[in-house]
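Student: Guided by the hints, dock chain D onto chain B, whose structure is given.
Quick note, the sequences are listed as chains B and D, same order.
Heads up: the first sequence at position 353 corresponds to 353 in our numbering, and the numbers run straight through without jumps.
Heads up: the second sequence at position 171 corresponds to 171 in our numbering, and the numbers run straight through without jumps.
Simulated from the structure, these hints should not be mistaken for laboratory data.
All C-beta atoms in this analysis are idealised placements derived from N, C-alpha and C, irrespective of residue type, glycine included.
Certain hints may be false.
Restraint-style ranges between C-beta atoms, simulated for each label pair [what the hints assert, rightly or not]:
| id | chain 1 | residue 1 | chain 2 | residue 2 | range |
| --- | --- | --- | --- | --- | --- |
| 1 | B | THR491 | D | PHE16 | 57 to 67 angstroms |
| 2 | B | ASP347 | D | ALA306 | 53 to 63 angstroms |
| 3 | D | PHE16 | B | ASP390 | 52 to 62 angstroms |
| 4 | B | LYS349 | D | GLN300 | 41 to 51 angstroms |
| 5 | D | ASN18 | B | PHE378 | 21 to 31 angstroms |
| 6 | D | GLY250 | B | ASP71 | 46 to 56 angstroms |
| 7 | B | PHE378 | D | ALA306 | 24 to 34 angstroms |
| 8 | D | ASN18 | B | LYS349 | 21 to 31 angstroms |
| 9 | D | ALA306 | B | VAL236 | 57 to 67 angstroms |
| 10 | D | ILE100 | B | ASP390 | 49 to 59 angstroms |
EDC-like cross-link-like pairs, simulated, lysine to aspartate or glutamate; straight-line CA separation at most 16 angstroms [unchecked claim]:
| id | chain 1 | residue 1 | chain 2 | residue 2 |
| --- | --- | --- | --- | --- |
| 11 | B | LYS349 | D | ASP213 |
| 12 | B | LYS275 | B | ASP314 |
| 13 | B | LYS371 | D | ASP213 |
| 14 | B | LYS338 | D | ASP213 |
| 15 | B | LYS13 | B | ASP59 |
| 16 | B | LYS190 | B | ASP208 |
| 17 | B | LYS225 | B | ASP211 |
| 18 | B | LYS499 | B | GLU489 |
| 19 | B | LYS329 | B | ASP317 |
Residues per chain, in single letters:
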Amino acid sequence: MSEKNAVRLKNIKKGFNGNPVLKGVDLNLRQGEVLALMGENGAGKSTLVNILMGVYQRDEGAIEIDGKQFDHYDIAAARKNGIAIIPQELALVPAITVAENILLGNRIANRGRLIQWNSMFKKAQKLIDDFGFKIDARARVDSLPISYRQLVCIIKAVADESKVIIMDEPTSSLSKEEVLHLHNIIRKLKAENKSIIYISHLIDEIFDIADTIMVLRDGCFIDSKNVNDTTQREIVSLMVGEELMKAQENLRHSIVSKEADYTGLPPRMRVMNFKRAGNLKEINFSLYPGEVLGITGLVGAGKSELMRTLIGIDKYDSGTIEINEREVKIVCPAAAYKLGISSVPEDRKLQGLVLMGSVLDNITLTPVYRKTVTKAGFLNAKQEKKDASDFVEKLAIKIGGLHQRTNRLSGGNQQKCVISKALLAKPRILLLDEPTRGIDVGAKTLIYKLIRELKEDGMSIILFSSDISEIPIACDRVLIMSNNTFVGELTGKEATVEKILNCTIGGQSWERQT
Amino acid sequence: MGKANMIIKNKSLAGFINAYGGLISVIIIMMIITTIIRPSFFTSSNIVQLLVNNNSIFLTGLGMTFVILSGSIDLSQGALAAFATMIFALLVRLQIPFPIAVILTCAAGGLIGILNGTIVSKANVHSFVVTLGMTTVLRGLAVAVNGGYPIPIDISNGWVSFSNGRVLAIPNVLILCAVVFIISFIILKRTNIGRNIYAVGGNQEAAKFSGIDIVKTTVFAFCMSGIFTALAGSILAARMISGLPSSCVGLETSAVTAVIIGGTSFTGGDGSVVGTVFGCILMAILNNAMVMLGIPDWMQSVMSGAIIIISVIYDRLRNKTA
Chain B
1 MSEKNAVRLK NIKKGFNGNP VLKGVDLNLR QGEVLALMGE NGAGKSTLVN
51 ILMGVYQRDE GAIEIDGKQF DHYDIAAARK NGIAIIPQEL ALVPAITVAE
101 NILLGNRIAN RGRLIQWNSM FKKAQKLIDD FGFKIDARAR VDSLPISYRQ
151 LVCIIKAVAD ESKVIIMDEP TSSLSKEEVL HLHNIIRKLK AENKSIIYIS
201 HLIDEIFDIA DTIMVLRDGC FIDSKNVNDT TQREIVSLMV GEELMKAQEN
251 LRHSIVSKEA DYTGLPPRMR VMNFKRAGNL KEINFSLYPG EVLGITGLVG
301 AGKSELMRTL IGIDKYDSGT IEINEREVKI VCPAAAYKLG ISSVPEDRKL
351 QGLVLMGSVL DNITLTPVYR KTVTKAGFLN AKQEKKDASD FVEKLAIKIG
401 GLHQRTNRLS GGNQQKCVIS KALLAKPRIL LLDEPTRGID VGAKTLIYKL
451 IRELKEDGMS IILFSSDISE IPIACDRVLI MSNNTFVGEL TGKEATVEKI
501 LNCTIGGQSW ERQT
Chain D
1 MGKANMIIKN KSLAGFINAY GGLISVIIIM MIITTIIRPS FFTSSNIVQL
51 LVNNNSIFLT GLGMTFVILS GSIDLSQGAL AAFATMIFAL LVRLQIPFPI
101 AVILTCAAGG LIGILNGTIV SKANVHSFVV TLGMTTVLRG LAVAVNGGYP
151 IPIDISNGWV SFSNGRVLAI PNVLILCAVV FIISFIILKR TNIGRNIYAV
201 GGNQEAAKFS GIDIVKTTVF AFCMSGIFTA LAGSILAARM ISGLPSSCVG
251 LETSAVTAVI IGGTSFTGGD GSVVGTVFGC ILMAILNNAM VMLGIPDWMQ
301 SVMSGAIIII SVIYDRLRNK TA
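Chain B extracted, bound-state conformation:
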């Protein structure tokens, strides 16, 4: 590692819609350094690297690359100065070959300006082989699985002779061997004096590869530690903050101390011999009044698919769903809402919100709710506003006004809008699919508290989550899913992170995802 700075960011400030996302962050990256950028979701990591990539323009602050100051800084400037980010799937053109993608900026042509395909394939294949990946340079990118596309991105970044490579969750879709491989590549790049900014949630991985760990929380620079001078515990406490850590511990404490007993009670929802369309595995479970049931498992274990089927987005082949001991058919989300089942889908931007719509429009979106405020065919705008404001206040949604569009709200505030929408339909059963993905710690903790409050009011909740650390804080009981079926069940104080981990099968370790 040299003492020369590759990148220096000073006092970077950035806000969207007047909501500050970065509140004056400094970053120093030396040549040949691997800097791990850590922080809970919503801490501002991605905004910071997007500013360095020139995707967002900073509101304030200085950007310095190789000692050179930039006034105007955009994507072109970032590229020109050797800054690259992976994975950036958009950087790949799906319908052309791997080789052409890797050499997109410098195709090999002869004097007559005709492309020399053979040399291109050879050169690209050599780059791929150097990395030790088994990818055919002649394959079309869209024929590759996602994890391979990520690898292609890495090779492309190196082929472009980038000096600084930002790796944003580079291992999220890689297998264990591929991760080890990636780390070897990073060490190789380091030896070539290239600098890496490494973003990951997986603290083991960070301690394995990083030189320096920089922690952000809620848009502020918290601390920067040499990896040899710190511990995992210290980093977590820096990331979450003492107060919220305590709040979460209290929630856990209340679950452990007051374990609920549902034996003999009629279940509010019972799913029996349930098979999703095209899936051979059967699913059975019951959900009791006032119970928070966690369903967890790896990405791809079938959690989201199960929820989609339960609310009628996807079809099921056989089996029955009973609500309050009466068999029901759920053929579409509208039917689910009518039965008192509200849902918060996995992807709030694609499935949860009408992004160009206002906060008000989004919170009052469900027809089930709107029917309650419709008289003679006309909506009661006053009542809608009042109900929406109530939720904005109750969930502490930070907005400029009810008419603000939802597209520039922070992840946490967007999610609160989606949850408000689901709750306004007055459900008895609430299905939450990854409700805390990509939102800040404060909002996360608020959602956990809300879940516990709703439970106290008698609502039944299913929390589908691949973030096991939140299961013990929010759930009374957890079902562990693998390969589209349940492989374990833990209740109350049994449901600890370690025990949930032990319940998994299939050779992949739990830390490999989230």
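Tutor: Same frame as chain B, now just chain D:
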């Protein structure tokens, strides 16, 4: 970016000016320039007449607003309007009283719209393709009604006198347009189905997850387009005193232009019929001004086309900043 006032929409005057101020200024500037060159432009009779003459664009534009807001497009409007002139003329020739003939014609238009919407949403085919196909079908049917010949309408027919008549100096056609506008405005602003149109056009996935019926919403939007287009066809038939199978070529283009100029997002989910009204007024004035200024036909066509493209680019840029 960062300018909160660009994104926060509200009902106040400031919000209105923010949304339509640019459009209104363009309209005023155009009127001033034309008046300076041709003072006869700015007479109440000319202004009223140019609005009346463009009632088809106005009515189809309102229908198109529904469809575009829902995230689709209806290219079959021109052909449907021509077909509607034929249906109306045929019904009148069959001695059917004119109010019933108008209602039946609108019902036929509504049915065509329902068919369009059903194919688009149920079979999940892009509306562009479906309605393009429908255009050819309807042109064929319009010819089939009377073997390609126009059907004359008796000048003494009540609908003809209505369409050329006035109440308190206001042309009946304009009153009808105003009524259709108010109905559209209320449906889109204050009813469930209207709000669903915004949700479906804004994010179909989210709408589906929230329990909104995509098929019903899309079919409704196309149905409105069909009804309004057929109404425009009936009025046109009365004003031409005949059903004409080759009429209304390019009407859908004008309607799309008016909607887009009016600030409705081409991808759906954002916009309003108020914008469409200003879009239509701008188009009407532009057309009239170009005639009065003696600009040749081909130039008018080039300018109309350029306006569509410019407004779509403007729409893109605005979405980027918002």
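Student: For every hint, state whether the structure bears it out.
Tutor: A quick look at each hint next to the structure:
In this structure the hint that THR491 of chain B and PHE16 of chain D lie 57 to 67 angstroms apart at CB holds, the actual value being about 58 angstroms. At about 39 angstroms, the beta-carbon gap between ASP347 of chain B and ALA306 of chain D misses the expected band of 53 to 63 angstroms. For PHE16 of chain D paired with ASP390 of chain B, a C-beta distance near 28 angstroms fails the hint of 52 to 62 angstroms. Range check, LYS349 of chain B to GLN300 of chain D: Cβ separation about 43 angstroms, and the 41 to 51 angstroms hint holds.
For the pair ASN18 of chain D and PHE378 of chain B, the supplied restraint of 21 to 31 angstroms holds, since their beta-carbon distance comes to about 27 angstroms. One distance hint, 46 to 56 angstroms for the beta-carbon pair GLY250 of chain D and ASP71 of chain B, holds here, with the actual separation near 49 angstroms. Here the CB-CB span from PHE378 of chain B to ALA306 of chain D is close to 41 angstroms, at odds with the stated 24 to 34 angstroms. One distance hint, 21 to 31 angstroms for the beta-carbon pair ASN18 of chain D and LYS349 of chain B, holds here, with the actual separation near 26 angstroms.
Distance hint check for ALA306 of chain D and VAL236 of chain B: the Cβ-Cβ separation is about 60 angstroms, which falls inside the suggested range of 57 to 67 angstroms. The supplied range of 49 to 59 angstroms is met by ILE100 of chain D and ASP390 of chain B, whose beta-carbon atoms lie about 50 angstroms from each other. For the proposed pair LYS349 of chain B and ASP213 of chain D, the alpha carbon gap of about 19 angstroms is over 16 angstroms, so the pair is violated. Distance restraint check for LYS275 of chain B and ASP314 of chain B: the Cα-Cα separation of roughly 11 angstroms lies within the 16 angstroms cut-off, and the hinted pair is therefore satisfied.
For the hint pairing LYS371 of chain B with ASP213 of chain D, the CA-to-CA distance comes to about 14 angstroms; that is within 16 angstroms, so the pair holds. Restraint check for LYS338 of chain B and ASP213 of chain D: satisfied, since their Cα atoms lie roughly 13 angstroms apart, inside the 16 angstroms limit. Pair hint LYS13 of chain B plus ASP59 of chain B holds up; C-alpha atoms about 5 angstroms apart against a cutoff of 16 angstroms. Of the supplied pair hints, the one linking LYS190 of chain B and ASP208 of chain B holds, its CA atoms being roughly 14 angstroms apart against a limit of 16 angstroms.
At most 16 angstroms may separate the alpha-carbon atoms for a hinted pair to count; LYS225 of chain B and ASP211 of chain B meet this at roughly 9 angstroms. In summary, the hint linking LYS499 of chain B to GLU489 of chain B is supported, as the alpha carbons are separated by about 10 angstroms, within the 16 angstroms threshold. Taking the CA atoms of LYS329 of chain B and ASP317 of chain B, the gap is about 12 angstroms. The hint holds against a cut of 16 angstroms.
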